[in-house]
Structure formats: C-alpha cells, structure tokens
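Protein chains: 2
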Amino acid sequence: MQTLNVDLGDRSYPIFIGANILSNQQLLAPYIKGKQVMIVTNETVAPLYLEALKSGLKGFKVDEVILPDGEQYKNADSIDMIYSALLSKRHNRTTTLIALGGGVVGDMCGFAAATYQRGVEFIQVPTTLLSQVDSSVGGKTGINHPLGKNMIGAFHQPNVVLADTETLTTLPERELSAGIAEVIKYGLIRDPEFLSWIEADMPKLLACDQAALSKAIYDSCRNKAEIVALDEKESGCRALLNLGHTFGHAIEAHQGYGNWLHGEAVGAGMMMATLMSEKLGWLSSEEVGRVSQLIESAKLPVAGPADMSKEDFIHFMSLDKKNLDHRIRLVLLKGIGNAVITSDYPMSAFEDTLVAG
Amino acid sequence: MQTLNVDLGDRSYPIFIGANILSNQQLLAPYIKGKQVMIVTNETVAPLYLEALKSGLKGFKVDEVILPDGEQYKNADSIDMIYSALLSKRHNRTTTLIALGGGVVGDMCGFAAATYQRGVEFIQVPTTLLSQVDSSVGGKTGINHPLGKNMIGAFHQPNVVLADTETLTTLPERELSAGIAEVIKYGLIRDPEFLSWIEADMPKLLACDQAALSKAIYDSCRNKAEIVALDEKESGCRALLNLGHTFGHAIEAHQGYGNWLHGEAVGAGMMMATLMSEKLGWLSSEEVGRVSQLIESAKLPVAGPADMSKEDFIHFMSLDKKNLDHRIRLVLLKGIGNAVITSDYPMSAFEDTLVAG
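Residue numbers (UniProt numbering), protein chains in the order written: chain A, 1 to 357; chain B, 1 to 357.
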C-alpha cells in the first residue's frame, strides 16, 4: 500500500492506495469522529462493494443511501435523497458521510456533506480510475444545474481517501480508458517523466495490473496535490488541470451528459488543445503525433463528435465557468509537459481548431 | 454612522450602521470586486428599496431576482430561482450577490453565494431589525428542508454589511418587536449594562428612534461578533446565542413556519429558559419578573402557544441540530447576563417547564 499526504494546512489528509484496502477498519476508523456513518453509493456499486465497506465499520451506526447510477442523476433531486436519508435517520452534526463510487457519487456525497447542517465530515472511497486520480484531490464537490454542468457546489475536503485498485477490475473497459485520460493529462501538463512511463506501461494499465494502477494513481494524485496546494480555491495555476476540459465540457454538453464519458471528452479535448498549440507554433508535428498515439493507445477518441459543428462548440463553451467576463481562456501546451493558461491567441487558430474538432 | 469591524482573520469585514446609508456608493463599491452584481430581494422589499440600492451601484452590471416573501419560501425552489437567474444572465465566478431584505432573503442569498460556482462574493443589506442584529454577524446561511428547519446550509461570510436604520420605519410593528427579542437576548446572555439600557429605552426602540436603533444594532452585533470570533464554526460557546431558540424552534415548527415570527418564538422561548433556570435555583423570582416585564414591554409573548402540549414540545425538539446524540442541550441563565450551556439538569425541571409553556 502507498500513502500520499495532501498538504492543506489544517485540512490535510492522507490518500491510501492499494489492492483490497476497502474493508480495512484500521485505515477507516481513525478518521470517523462520531458514531454515525452514512454511506452514499449507487445501484451499480452497492451490490459489488457495500458489504465489504461495511465490514470495516464495526461499532458504528451505519446507514446507507443508494442513488440511481449516472451523470444525469447528478442533480438536486439526488442531493435531496441524501438529505432526506440523513434527516429521517436523525443524523446529527457529528455524522460522517462516506462516498462509495465514482466521481458522480463523490461529488454529490461531498456536496451533501458540505451543506448538511452547514458541513459535516466526509470520506471518499472512489471505485473508478477517474475518481481515484481526479476527485481524490482538490475538494471540489457539486452537482449539475439544468442550465450548466457543475455550476452548483462547494469546496469540502475529505478526512481520508481510500483508493482500492482491486475495485478497478470490475470497471467497464470504456470507463478504465476514461480514467486513463486524466492520468495522461498529468503527464502532459507538468510531468514528462511520468508521461514516458505511461506510454511504456499502457498495456499494463489496460490489463488492470495492480502495481501499475497503483503507481498511476499515486503519481496523478501527487501532481494534482502539488498544484492544489499552491491554489486551493482555483484562482490561478489550478486551471492547468483543465487541459482538454473546456473543449471536453462543450462536447459533453452537446452530446447530453452521460453519452460521452467525461474522460472520453477530455481525451478528444486534449487532442484539440494539442492541435491548437501546434497552430500557434508551440508543438512540433512529431510531438502532436506522440500525443495522438498515446491517446489512441488508451482507446480514447482523438476528435470531437462528427455531428458537432464549430458553432456548437462556441455555443456550448460560452457558459463555461473558466470564462472571465465572457473571454475564453484555454489551457494549451508550450511543449510536452509544459501547459500554460492563456487567452492571448489569434481567434483564427481557435476557430480553425473547432472546425477540425 | 457607526462602524463595527467583525474580526475573522482574512474573512474580516465591516458593518456600517446608520440612517439613509443604503444608496451610498462609497460604502458599497469598494467591496464589489468584479463588474457583475445580482441583487436578491423579495416582492415586499423590492418596491421600497430596490431602486435606492441600485442608485448606489452605478457602473456595475446589475441584475435582480425578486423572490416571494415569507419563511415558507425559504426552500430549494427559491434557491433555484437565484441559480437560474445567475446562469441565464451569465454571471461568472467574479459576480457579487447582494441580499436586500430580512433574514430569509439573507440566508437564501448567502447560501446561493456559498454554492454558486463553488462560492462567490456576497454583501448583506438587511432591512429588518432581526436580520440587522442577527444575520449580520456569523456567516450562517441556508434553507429549510421539509424534514427540518435550517438543516441545509453553509458558513459564508459577507464582504460588508450595510444596516440602514431608516428601513426600519417601514417595518410592521410585529416584526420590530420580533427583532427586539434578539436584542434582549444579547443583554440576557452576557451584557447586563446593555440590558439596563434596553429596559430604559424600550419606548424609543418601539418608536423607531434612529439613534436608539443604531445603538441597539451596534451593541447587539458587537456582542455577537465577540462570541463568533471565539467560535466561528459553532463548536463551543457560540451555542450561547441559542438562548430561547431550542424552545422557540419547537414553537415555530409546531405552529407551521411563518405563523409565529421567529423573534416571537424566541421571546416565549427565552421566558421558558428563564422559568427553567428559576426551577434550578439559578434565578430569583425578582429576576424572573424583570425578564418577564422586559419581554412584555417589547410586545412579545411570554408563553408558548396555548394549543401546544408537553408532548408537542418534546416531539419538535428531538430533531434540533443542537442535540448531541439525541440529548437535549439547553442554554439557561445562571443570573441575568450570564448564560450557560448545559445538559446536566433533572428531567423534571425540563418537563415542568414544557407544561408551563
């Protein structure tokens, strides 16, 4: 088992990474301060891991709420299911919420924890690669609004994160690839050495090799933690983490949330950012080829949906949170492993990229 | 004009208190960091003060959302009206929300600010005495849930508070009295000198004397700020502020939110806490008479509703946030101006008080 400490002053916490750690009472119990626990999970994950998690919670009063599975349920109705379960089971301000599932469960459980009785304790047990490498660090929680993705939320740090690599063996292949998109992202924006390792060990990752997955999760979380420690509330460099996401969110919104997986949209989005960087003279065609080959090797799309026009992209990008006063800031690459945040580019390079998408 | 600084480290802010300060651009503008402003108010307050407030916001892009008036609208639907207004008017993360109205508007606007795009800037312009002396300090925001009052919320500090005493001249008499209940509370829990002043100047307060109101607001906020500075997240002494509130919340819940005003329920609740303190031998009958006389002089009820039984009280108190593991902690008086938090009392004294209620 590996341990990564996320350093955020008095809100610091550890991430435990390894196989079969889900039911380890010694890892969980020290981080639960009261007697009450509410596990938030979904109908897909519950049959697989709920009993195992509960077996590590002996001596606590454990309740559970099982949400429907899918990004389309990441909304106020699901949050209300959590609130209602907490209130009807009389959970008080000393309760601890545990998110067991992927990013959607983690975001919703975290937001419920941030807002139930003005904030209660929270533990993450992510069961997808995407949530293990992404939601484990950063404290972002929230839900979608009919008028925009992730528009409602709060920053709320967990007490501890348990990333059990064994849970990835039951993950559909498409979701494993979607998680690898974020792993690739960390290499691309700031860690060329890690990127080379990902290129070499992609077959192991796709085959769910436990040691390879553990390293991928550790190095992804390490990179993210370093950025988040510099910029907890996302006022500066944290935006680097959005490489591929501004294009990607537009793809997800246009296709309807849940049809393209988040990681798939990020894969195509990172390719668009790479191509735009080439247009600006910041990447060579060899470097573009390397990125393209890596994204393809992860079984991810390297272009946006065929039915999505330039106008569609512009429409769906205009509501993006990352626009400051309606100007679209993008994360681009000035070389492999060196991302920058910029709104200083010719509009033609931007629009040509959308046509290509 | 008086200025009180609320000292909360890097979240410190000033409260400006005085007559006709609502439209003073010099007091507001320095606390608005972006260009976008969303005023959140209600259908009662908007016709009275919305234009005046807007006249002090020249040069900003000002939008507004007008909510229905009443505690029964302090719910997720109203919050969604705010989110929808922000998203449809394309407010970004640099926007500032301004609450113009009483406690309900302030709580909802603050909660929307705490959760829109994971937190945006927030200014309070309270227009009721209750909100000027209570919600101005402490950063509590939130909404009711069908299963419990104020169960959903967040801590979110404003950038500045403008308490314009002139707005109290349009306040219904019943609401003025309800606000005075909280003013009396500060005297009772920790400030005997202030309490004596309230007793002497009650006629001026009821007559909306601007200087008397200004002093009452200043001293109430000063007392609350001193407590909140010691205990921002309500883990200890901040509970002293709940004198009369545990009984009061039960009254509000039993009567249906909005039928008894919050301050009216707190008035009756403070009287119940006073009577229970007498049963424990902590107050003399003379002191009880003094409290009773003061509450009556503010035109507030000194007993709970006639149709509310002991069992009703117990039922509606059991979901209270202040119960730790289902044990009812109460704020009681060990003398005038000296409140204590305790769950160490004979049950008979508690139950006898409910019968009297």
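Just so you know, these hints were derived from the structure itself, not from any lab.
A portion of the hints provided could be inaccurate.
One copy or two, it doesn't matter: identical chains are merged, so the pair holds either way.
Result set (PhoX-like, lysine-lysine): computed pairs, CA atoms no more than 25 angstroms apart in a straight line [what the hints assert, rightly or not]:
#1 K89 <-> K215
#2 K279 <-> K58
#3 K89 <-> K334
#4 K149 <-> K215
#5 K334 <-> K279
#6 K149 <-> K89
#7 K89 <-> K310
#8 K310 <-> K279
#9 K35 <-> K215
The hints, checked one at a time:
For the identical chains of this complex, K89 and K215 are neighbours neither inside a copy (40 angstroms) nor across copies (44 angstroms), given an alpha-carbon limit of 25 angstroms. In this assembly of identical chains, K279 and K58 lie within 25 angstroms of each other by CA distance neither inside one copy nor across copies; the values are 58 angstroms within and 43 angstroms between. For the identical chains of this complex, K89 and K334 are neighbours neither inside a copy (53 angstroms) nor across copies (35 angstroms), given an alpha-carbon limit of 25 angstroms. In this homomeric assembly, K149 and K215 never come within 25 angstroms of each other (Cα to Cα): the closest approach is 31 angstroms inside a single copy and 47 angstroms across copies.
In the homo-oligomer, the alpha carbons of K334 and K279 lie at most 25 angstroms apart inside one protomer (11 angstroms), although the nearest pairing across protomers, at 76 angstroms, exceeds that limit. In the homo-oligomer, the alpha carbons of K149 and K89 lie at most 25 angstroms apart only across protomers (16 angstroms), although the nearest pairing inside one protomer, at 31 angstroms, exceeds that limit. Within a single copy, K89 and K310 get their C-alpha atoms only as close as 50 angstroms, which misses the 25 angstroms cut-off; across copies the closest is 23 angstroms, which meets it. Taking the closest pair of Cα atoms, K310 and K279 come within 25 angstroms of each other only inside a single copy of the chain (17 angstroms); across copies the shortest separation is 76 angstroms, beyond that limit.
Neither within a single protomer nor between protomers do K35 and K215 lie at most 25 angstroms apart by alpha-carbon distance, with minima of 34 angstroms and 45 angstroms respectively.
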